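When you get a sec, could you build the whole thing from the sequences and use the hints?
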Amino acid sequence: MIKEKINTERVFHYFREISKIPRCSKKEEKISQYLYDWAKSKQLKVIQDRQLNIIIYKEATKGYENSPTVILQGHMDMVCEKNADKIHDFDKDPITLVYKNDFIYADGTTLGADNGIAVAMILAILESNNLEHPAIEALITTDEETGMTGVANLDGSLLNGRIMINLDSGDEGMFLAGCAGGGRLNFSADIIQEDSRLESELKLVIKGLQGGHSGAEI
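The opening residue of the sequence shown carries number 74 in my numbering; numbering runs sequentially from there.
Think of the hints as simulated: they come from the structure by calculation, not from any bench. Treat the numbers as computed from the prediction; the structure is a model and nothing was measured. Hints may be right or wrong, so weigh each one.
Claimed, not checked - Pairs of lysine-lysine, DSSO-like flavour, derived with a Cα cap of 30 Å: (1) K135 <-> K78; (2) K103 <-> K115; (3) K113 <-> K159; (4) K93 <-> K115; (5) K99 <-> K135; (6) K99 <-> K115; (7) K118 <-> K93; (8) K93 <-> K155; (9) K103 <-> K165; (10) K113 <-> K103; (11) K115 <-> K100; (12) K159 <-> K276; (13) K99 <-> K159; (14) K173 <-> K159; (15) K99 <-> K118; (16) K165 <-> K93; (17) K165 <-> K100; (18) K103 <-> K118; (19) K165 <-> K280; (20) K115 <-> K155; (21) K165 <-> K99; (22) K93 <-> K103; (23) K173 <-> K155; (24) K113 <-> K78; (25) K155 <-> K103.
Stated by the list, open to error - Simulated DEER-style distance windows between Cβ atoms: (26) S114 <-> S261: 43 to 53 Å; (27) D166 <-> I236: 33 to 43 Å; (28) T222 <-> L170: 50 to 60 Å; (29) N139 <-> N202: 16 to 26 Å; (30) E205 <-> D244: 18 to 28 Å; (31) Q266 <-> D175: 46 to 56 Å; (32) I236 <-> E267: 53 to 63 Å; (33) S114 <-> G285: 33 to 43 Å.
Glycine included, every Cβ here is placed at the ideal spot set by N, Cα and C.
Written as structure tokens, this is what we have:
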């Protein structure tokens with residue numbers, strides 16, 4: 074129902090707006106404030122926590138008041154990388170969007186579609202008055218790319234829904250039933266250093282492993 078009625082132009086409108094706002098991981102102050110102010114401008118209940126996570130609430134439309142609440146989830150931060158010859162300051166410069174053959178690219182930097190497109194979809198859904206839906210809780214977290222500290226420190230009591238649609242996925246037209254997680258391991262060891270008298274450098278190659286995205290292929 075939502076896919077048939079959602080205004081895709083509004084989705085890309087919001088993606089363009091989001092792309093103007095610096096939002097590297099651990100530097101989400103500006104994008105978090107944008108989302109907070111946006112929700113206030115739409116007269117929607119919104120919470121911004123200490124981690125700068127944003128939760129926006131929208132009541133169910135007529136006829137769906139007794140349906141289960143649905144959580145729409147995405148993250149506001151992005152990986153910030155650029156080509157060696159690209160002059161770009163991720164702390165203040167907008168992402169330059171390039172349109173080619175019905176695709177959107179960035180000019181010499183990461184695009185931020187992970188997960189900016191999800192945030193744009195969420196805003197377009199919350200903005201619309203034409204969609205029929207149950208109560209919606211939009212959860213937009215911080216620091217997903219470098220530790221998931223936003224969601225790790227989220228107060229779960231702020232959410233009432235027990236059905237969540239995670240919009241952070243890379244495969245179009247496909248649903249993944251379940252969830253993916255992340256883990257971190259810190260390793261330390263004493264290293265004994267010796268003077269090297271080798272005439273050439275050593276090259277260490279690791280290959281032949283069964284790799285892939287930890288949230289999908291493994």
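List in ascending order the numbers of the hints, as given earlier, that are violated by the structure.
-> 3, 5, 19, 20, 28
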